[in-house]
Every structure is written in structure tokens, then in C-alpha cells.
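J.: What follows is the residue order along each chain.
There are 2 protein chains.
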Amino acid sequence: MSGLIPPGVPSPTELSDAELEQRLEARRKWLGETAFAYDPPLEPVRGDGVYLYDSAGQRYLDMHSNVPSVGHGHPEVVSAIAAQAATLNTHSRHLNNAVEAYAARLVGLFPAPLGGLIMTCSGSEANDLALRVARLVTGRQGIIVTSGARHGSTAMTAEISPGLNQPLPAHVRTIPAPNPRLAGADALGSWFAARVREEAAILNKTGAGFAALVLDSAFAFDGVFTDPPGFLVEAVEAARQAGGLFIADEVQAGFGRTGELWGFSRHGVVPDVVTLGKPMGNGYPVGGVVMRAEHLARLNASAPYFSGCGGSPVAAAAGMAVLDVIEAEKLVRNAGRSGELLRKGLRRLAKSFPRVAAVRGAGLLFGVDMVSPKTGAPDPEAAGQAINALRRNFILAGRAAPTSHILQLRPPLSISAEQVAQFLEGFSGVLATLA
Amino acid sequence: MSGLIPPGVPSPTELSDAELEQRLEARRKWLGETAFAYDPPLEPVRGDGVYLYDSAGQRYLDMHSNVPSVGHGHPEVVSAIAAQAATLNTHSRHLNNAVEAYAARLVGLFPAPLGGLIMTCSGSEANDLALRVARLVTGRQGIIVTSGARHGSTAMTAEISPGLNQPLPAHVRTIPAPNPRLAGADALGSWFAARVREEAAILNKTGAGFAALVLDSAFAFDGVFTDPPGFLVEAVEAARQAGGLFIADEVQAGFGRTGELWGFSRHGVVPDVVTLGKPMGNGYPVGGVVMRAEHLARLNASAPYFSGCGGSPVAAAAGMAVLDVIEAEKLVRNAGRSGELLRKGLRRLAKSFPRVAAVRGAGLLFGVDMVSPKTGAPDPEAAGQAINALRRNFILAGRAAPTSHILQLRPPLSISAEQVAQFLEGFSGVLATLA
Chain A
1 MSGLIPPGVP SPTELSDAEL EQRLEARRKW LGETAFAYDP PLEPVRGDGV YLYDSAGQRY
61 LDMHSNVPSV GHGHPEVVSA IAAQAATLNT HSRHLNNAVE AYAARLVGLF PAPLGGLIMT
121 CSGSEANDLA LRVARLVTGR QGIIVTSGAR HGSTAMTAEI SPGLNQPLPA HVRTIPAPNP
181 RLAGADALGS WFAARVREEA AILNKTGAGF AALVLDSAFA FDGVFTDPPG FLVEAVEAAR
241 QAGGLFIADE VQAGFGRTGE LWGFSRHGVV PDVVTLGKPM GNGYPVGGVV MRAEHLARLN
301 ASAPYFSGCG GSPVAAAAGM AVLDVIEAEK LVRNAGRSGE LLRKGLRRLA KSFPRVAAVR
361 GAGLLFGVDM VSPKTGAPDP EAAGQAINAL RRNFILAGRA APTSHILQLR PPLSISAEQV
421 AQFLEGFSGV LATLA
Chain B
1001 MSGLIPPGVP SPTELSDAEL EQRLEARRKW LGETAFAYDP PLEPVRGDGV YLYDSAGQRY
1061 LDMHSNVPSV GHGHPEVVSA IAAQAATLNT HSRHLNNAVE AYAARLVGLF PAPLGGLIMT
1121 CSGSEANDLA LRVARLVTGR QGIIVTSGAR HGSTAMTAEI SPGLNQPLPA HVRTIPAPNP
1181 RLAGADALGS WFAARVREEA AILNKTGAGF AALVLDSAFA FDGVFTDPPG FLVEAVEAAR
1241 QAGGLFIADE VQAGFGRTGE LWGFSRHGVV PDVVTLGKPM GNGYPVGGVV MRAEHLARLN
1301 ASAPYFSGCG GSPVAAAAGM AVLDVIEAEK LVRNAGRSGE LLRKGLRRLA KSFPRVAAVR
1361 GAGLLFGVDM VSPKTGAPDP EAAGQAINAL RRNFILAGRA APTSHILQLR PPLSISAEQV
1421 AQFLEGFSGV LATLA
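Residue numbers (this note's numbering), protein chains in the order written: chain A, 1 to 435; chain B, 1001 to 1435.
By construction, these hints were calculated from the structure, which means they are not laboratory data. The reader is advised that the hints may include incorrect statements.
Said to hold, decoys possible - In silico DMTMM-like links for lysine to aspartate or glutamate, alpha-carbon gap of 25 Å or less: (1) B:Lys1029 / A:Glu418; (2) B:Lys1351 / B:Glu1340; (3) A:Lys351 / A:Glu237; (4) A:Lys29 / B:Glu1294; (5) B:Lys1330 / B:Glu1025; (6) A:Lys330 / A:Glu340; (7) B:Lys1029 / A:Glu294; (8) A:Lys330 / A:Asp186; (9) B:Lys1330 / B:Glu1340; (10) B:Lys1205 / B:Asp1186; (11) A:Lys29 / B:Glu1418; (12) B:Lys1029 / A:Glu100; (13) B:Lys1330 / B:Glu1418; (14) A:Lys351 / A:Glu340; (15) A:Lys29 / B:Glu1340; (16) B:Lys1029 / B:Asp1039; (17) A:Lys351 / A:Glu294; (18) A:Lys330 / A:Glu234.
What the hints assert, rightly or not - Okay, the calculated beta carbon distance ranges per label pair: (19) B:Glu1340 / A:Thr206: 57 to 65 Å; (20) A:Lys205 / B:Ser1302: 26 to 34 Å; (21) A:Asp324 / B:Ala1035: 27 to 35 Å; (22) A:Ala187 / B:Ser1302: 35 to 43 Å; (23) B:Arg1240 / A:Lys205: 52 to 60 Å; (24) A:Glu329 / B:Gly1268: 51 to 59 Å; (25) A:Ile202 / B:Ser1055: 55 to 63 Å; (26) A:Ala35 / B:Glu1198: 41 to 49 Å.
Glycine residues also receive a C-beta, built at the ideal position from the N, C-alpha and C atoms.
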């Protein structure tokens, strides 16, 4: 990449040190300390498609924003939200065509026996509710999650989020992420299932009992683990044999991210409960729990769920517009095509640069392991340098838990072949400076 | 009211029985059973100010929608949401003027030592986080709530919501709502404080310990208890003496509802934590936790909170527009003035109709006890008949927990003197048919 800006040289559009300190001081006062995405923090002022812009008009290629999944400020989604908000926005205790039509369409996108929907205000609320469903249906409390997972910010979902580095209660057991390096690709499925079986047995021996296996079906926070397709089959069987449900957390993987509409489809499994979040409304706060009709009836009979904003007509309008755009712009297919270019390009870079030890992912979700070229050990510092160097070169990437040596890429699904090439050129240049 | 439509006669704009059954069948299929606000359910298609409209163009005076607190489809709020959504909507790990300016303005509306804000996607998430703060700060787990309270729909907030009629865990203790009939107005404060002291002592004797007293400062779900002003002082002191925090849940009472900006102001108390929800974004899903700066620092140091949608620029824009409208339209003052007309009118009706045993409330939040005129016993059936008869006369009211004999009134804060008179005339007519 010509004109690459090396580490340590500020981009021309950054705030001065004094200006920045002033902004941080004011922000700290009212909002406390922020874990900013970049150092120094970015101040985007406008978004459009796959780009963010700062106040100087500098354009950044956004390789990390999975919430505006169909593109920043997508005009159709914005129009749908604005039109419905101007017309009607009520709670869900009234008949409403927008809500009913969205529910029918969304649920219709899932395989049987998934058949019922409850809408929430966030993916956290969706996972929180999914846990209640699993505990209600099984009469047991114990949950199994992967060791780097994050499933939400409510108290109950933080409890099943080892990636937040909080102590876990006894009824939450962790298994390692399904890293082919631990077991080999061929044996990964049975190895991962064995881990589920072990932990379920421990939970079933204690008073808690085993209620559910909760997995992000693309393991985004663990570092992205999507291959080989189908490796989840045995783990899901193991969970059911131990009397638990399989909850697929599709907050990261859902709505086309992996090149299929749902992350679990890649594995040919049908979850008992599916949770939806972020990309569902392209930034409008909405989440959902899709479950079997009998589980929904059970929940309603026991503890009817009501949310003042969940299931509002505006949430439904936002969700419907997102589905419309995904279809009209063929974004699932684009995620597959652009994702394939990205995958091939990343693999090429991995061959050229020993800094890159592994590239994993599907569709437009990738984890890139950054290591010391000398020892091959995970190198979180290099990953941090890489994302800040990328940012200085107007490319935005992120990091995945747990040890932060894994770059995470998940651009809006509308990214083009040219934009993928732009990223690869920039990343190549950054890797050259790190080598 | 001339032309009053008696119970049993359908309004001309209702769906036919067959059409209704078809709609319900489809809705049931995808969304499960709905606890509709009215029987038969209403299908509003448009909202404007204090009115909702059905598909036949029939106008309903909305005396119950507290979410669109500054009015249905308020154009300034809708414009602010649309403009910001079209411009930029990101997570909160970037610098953002809209978010920082809103935080500064909102926190500035609270008395010291309240000084820090975390934004969430809903009031449920706000209360969920407030519980974590209280438990973190006190090192104890036990919570005291009133017996009809509802504080949210997450697992943790449902646990402190006896109004949902779920079994409560041992570390959640209930006290009766502060009904002056139980203790007399003069002794209410000390009587209520004694209840707090008793339950805190029980929690402190057990392993759980007493972490927080959580109160909706207007007790909306308990049936609305706002008087006499100041009665909360002793209870808050009792909570602090027992080592717990006082969390004011302002999801119902906040943003002008009681004729003051915050419900707790009526009592001259300063909470340790304040939670915000529904009216904060006039229907845009947003919530917030306002707390002492040192508690925010403590939370950040222990378990940094992050929400993909909480604290987004669009949430901030919606919140800012709501504050602008409240100021520009002097809605807090209007809540006081129109509320006073409503209060006087309701008291007059109570004198004329023995069906109405009590009228409680402040600003634009009222609870109206419906009883049997013969025995004086609570009459939930009459309350149900009243809200459905009001609805047939194009007035929308609601019911409060716990025994559902209490009508709940909480119209948008922009309601005029004429609209209050329209309601009182309609309610008078309905009471005449029930008498």
C-alpha cells in the first residue's frame, strides 16, 4: 500500500493531545472510563455503507461493525424506522399488523420445530430469557458455555460469559472453544462432544442439573471457530442425551454473517432455542428468542413475558426492513462471495507473514491469530499494534477475546470485492511494518 | 356524556368476530398467547399526541400510554431519531459528541452526589445493572421491594417483581405498598420505615445480607401511592442504617410524570442509584442507571459494562430530543396543571359514585380504586368492565396490579385541560352505567 503510515505517526485527522485530553476528561466525568476501540479513540461522525467518516471527512473502511450489518445508515432501514415511529409506536398488548407480519416472516426463516417468537430490546435480554426457558422446561439450572464466550450484559447472562473475566457460579461450567489445533479437524466433533458430556455429567451429579448448552454458533468471542462444517452435531446430541437443551446464540452469527442465514445451519443442527440480537435491527435496539411452540406456551403459562419496548411496531419495522434489504441486495450470497475473497487473501498473507499463524472463519466473520514470529506464541501486543496501525491507515478492525491476540473481522455484509482488496492491501502493509 | 355506548355493545370500528378470530389465530401461531390490553383487543394504526386512531379513523383518547410520554409520534423526537440514524449509529467505544452531551445534560438533572451514567437498552436492563451495583458496593445480596412491584423482565429483575406472581427467592423480601389506609397519612412514613427495618434485619441475620431497598418512587404497579409528600424519608434512612442502598426506579415516575422531573423529588430524598427507562426515549428503546461517581468507578474496575445498543448516538439523540420537548413545551408544569384538574375531577366522581373508593396520585399518574358499592370490597370485575366500557367510548385506560381493581391513568404529559374534561365526562358516563 503506497503511502502507508507507520506506527507512532498520528493520522492527520486526529485530535491534538490537548483536545483529546479535554474530551476524555469531560467524558470520564459523566460516563466513567471507556474501553475505547482504538488508541487514541476514534471519533466517527458519519457512516455510509461500509465506511465511517471522521470530522475532517477522512474515510475509514469499517471491517468490524457487525451491528449495522446491512451497512451504516442504510436508507431503507432508516426510512422504515422513521415512518413507523411517526405513525405508531406502542407496546405489544394491541393487535398490530407490522408486528404480526414480522413475526410470521422471521419465524418462517427457521426450521421446524422452531415456531414461536418473543421480541426483546437486546440480545442480552434474549439470552437472559432463553436461560429462563431452558430452566423452566428442564427443571434444571446448570449451563455449559465455552471458556471465552460472552452472552450478554444482564446479571444472568454475564454469569454465563467467561469472556468477561468474572468468577463463575458453580452451576456454570466451561468447555474449551472448539479449536481444531486441540484435537485435529477430523476428531474435533467427537472431542468437543466429549467435553460437553463431561461437564453435563458433573452438573447432573450436583444439585443444579444440566439445563442447556449455550453456544455462539460461530464462537466469535472465543476467536472464531467455524470449521469443519458439521462439527457441532455430536455436541448437540451429547447435550440432549444429558437432558439439556441446545441454545444457539445467533447474536453474532445470525442474519447472514457466516454466508448462510444462520450460523447453526453450517453444522446441520436444529437448536431448541435461538437467540437474536444486534444485526436484527441494523442498530435499532431489538432482540428475539425463537423457540418451539410448546416451550413458548409453557413460558406464557408460567411467567408471561412483557417488555415495554420489545415487540413494538418500530422494532418490527426495523427488523422487516433488514430482512428486505438482505433479500433485495442478496447479502447472504455477498457475504459468501466477498468472504471467500477475504479468506483467500488472508490465507495468502498468512503464508507471507509469520506474524499470522492462523486464519479461521466463514462468510464475513474471521479470526486471525497474531503470534510472535520467533516463538509462535500468541502476541496480544502485536494484535493491538496491528489494529491501531490499521486505523492510522483508515481501516477499522477489532480484537476477539480471550487473550486478545486474535484480530476479529466482521464488516457489513455489503462489502464489495474492491473493498476487500483495499483491506488486504492495507493489512499487508501493516504486517510488513510489524514483521 | 351524550351517546354513551353501554357495555356489551361493540364499537362500530371493531373487527367482526370472524375477522378477529382469524387475526388472533395467526398471532397465536407465531407470537403465542397475548395478554391484550382490552377485550376485544384494540388495533391502533396511528398515534398523534394524546390520541390513538384505529383503521376506521376512530380517535381514542389515550389515558394510559406512559412510554410516548411527550406524545405519540412526537415530530421532534422522530426527526432526531431519523436524522441521527441516517448519519451515524455506532457502539459506545468511540468518542461521540451526541452521547457525551446527553450524558452531561441528563446527569446534570440529578442532585449530588449522583454523578455518573450508564446507558442500557431498556428499563429492565437498567434495574438489572442497578442490582449488580448495589451487590458489588455492599457485598450483600438481599433486596427489599413492595409486594405488588414490577421492576423488569430479565431473570434478575423478575426475581424482584412480586407483581409478576412468581415465587420469590429467599433473598428477596417484600413489604406492603405504602397505603395510607394501612397506617394513616400521618404515621405512614414511620410505619413504612418500620417494615423496611424488619425485613432488612431478617436479611442481615441470614447469609444474604441486605443490599438495597428498590422502590418505584410512585408505586405505580402497587396501585399508585404518592402521598403525603416526604413519607419516603424515614424508609430511606432505615435502609441506609441497615447498610443498604436506596435504588429509585424511575421507569414509571421519571421525566415529569408526577409533576416534578423525578418521583423521588416529591419526597425530598436523594437515591444512591436511579434507574430510567420507557419515557426516556419516548418509545425508542433506551434505559439508564444514574449513580454516584465512585460507584461507577467501582463497577468499571470490577466488571466493565458494555452494551451493543446502549449508549448509541441514536439513543442519545432520542433522549436529548425528549429533554428538549419537555423543556420547550413545559411538560412538567403541564403535568402538574392538567394533573390537578384530573385529580379534582376524579375526587368529584368519587363523591358521586360509590364505585370509586379512592383516588391517589400526583401529576399525571393516578390510581383509582374500584369497589363493590354494597360491600366496599375491591371489585376487579368492575375495573375490567370500566376499562372496556371506556374503550368502547374511545377512551383508553389501564389497570394496576396486584388485585386489578385499581384503574391506572398515566396519559402523555402533553394532555390539555379540554382532554382531561373529555376523559372525566366519559368516565362519569361509564360509572353511571356501572353504578
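J.: Now tell me, hint by hint, if it's right for this structure.
T.: A quick look at each hint next to the structure:
Distance restraint check for Lys1029 (chain B) and Glu418 (chain A): the Cα-Cα separation of roughly 44 Å exceeds the 25 Å cut-off, and the hinted pair is therefore not satisfied. Annotation: proposed proximity of Lys1351 (chain B) to Glu1340 (chain B) holds, straight-line Cα distance about 17 Å (limit 25 Å). Taking the CA atoms of Lys351 (chain A) and Glu237 (chain A), the gap is about 37 Å. The hint is violated against a cut of 25 Å. Distance restraint check for Lys29 (chain A) and Glu1294 (chain B): the Cα-Cα separation of roughly 11 Å lies within the 25 Å cut-off, and the hinted pair is therefore satisfied.
For a cut-off of 25 Å, the pair hint linking Lys1330 (chain B) to Glu1025 (chain B) is broken: about 44 Å separates their Cα positions. Only pairs whose Cα atoms come within 25 Å are accepted, and Lys330 (chain A) paired with Glu340 (chain A) is accepted, the gap being roughly 15 Å. Annotation: proposed proximity of Lys1029 (chain B) to Glu294 (chain A) holds, straight-line Cα distance about 11 Å (limit 25 Å). Annotation: proposed proximity of Lys330 (chain A) to Asp186 (chain A) is violated, straight-line Cα distance about 33 Å (limit 25 Å).
Our distance criterion of 25 Å between C-alpha atoms is met by Lys1330 (chain B) and Glu1340 (chain B), whose separation comes to about 15 Å. Annotation: proposed proximity of Lys1205 (chain B) to Asp1186 (chain B) is violated, straight-line Cα distance about 31 Å (limit 25 Å). Among the hinted pairs, Lys29 (chain A) with Glu1418 (chain B) is inconsistent with the structure: their alpha-carbon atoms are about 44 Å apart, more than 25 Å. Taken as a hint, the Lys1029 (chain B) and Glu100 (chain A) pair is honoured in the structure, with Cα atoms around 10 Å apart against an allowance of 25 Å.
Between Lys1330 (chain B) and Glu1418 (chain B) the alpha-carbon distance is near 17 Å, which keeps this suggested pair within the 25 Å criterion. Taken as a hint, the Lys351 (chain A) and Glu340 (chain A) pair is honoured in the structure, with Cα atoms around 17 Å apart against an allowance of 25 Å. Of the supplied pair hints, the one linking Lys29 (chain A) and Glu1340 (chain B) is violated, its CA atoms being roughly 38 Å apart against a limit of 25 Å. For the proposed pair Lys1029 (chain B) and Asp1039 (chain B), the alpha carbon gap of about 19 Å is at most 25 Å, so the pair holds.
Among the hinted pairs, Lys351 (chain A) with Glu294 (chain A) is inconsistent with the structure: their alpha-carbon atoms are about 51 Å apart, more than 25 Å. A hinted pair counts as satisfied when its Cα atoms are at most 25 Å apart, and Lys330 (chain A) with Glu234 (chain A) does not qualify at roughly 32 Å. Judged by the Cβ atoms, the range 57 to 65 Å given for Glu1340 (chain B) and Thr206 (chain A) holds: they are separated by roughly 59 Å. Lys205 (chain A) and Ser1302 (chain B) have their C-beta atoms about 31 Å apart, which keeps the hinted 26 to 34 Å range intact.
A hinted range of 27 to 35 Å for the beta carbons of Asp324 (chain A) and Ala1035 (chain B) is consistent with their spacing of about 30 Å. For Ala187 (chain A) paired with Ser1302 (chain B), a C-beta distance near 39 Å keeps the hint of 35 to 43 Å intact. Distance hint check for Arg1240 (chain B) and Lys205 (chain A): the Cβ-Cβ separation is about 43 Å, which falls outside the suggested range of 52 to 60 Å. Evaluation of the 51 to 59 Å hint for Glu329 (chain A) and Gly1268 (chain B) yields a pass: the beta carbon distance comes to about 57 Å.
Checked against the given bound of 55 to 63 Å, the beta carbons of Ile202 (chain A) and Ser1055 (chain B), roughly 57 Å apart, stay inside it. Look at Ala35 (chain A) against Glu1198 (chain B): about 42 Å separates their beta carbons, and that is inside 41 to 49 Å.
In terms of the numbered hints stated before, the structure departs from hints 1, 3, 5, 8, 10, 11, 15, 17, 18, 23, listed from lowest to highest.
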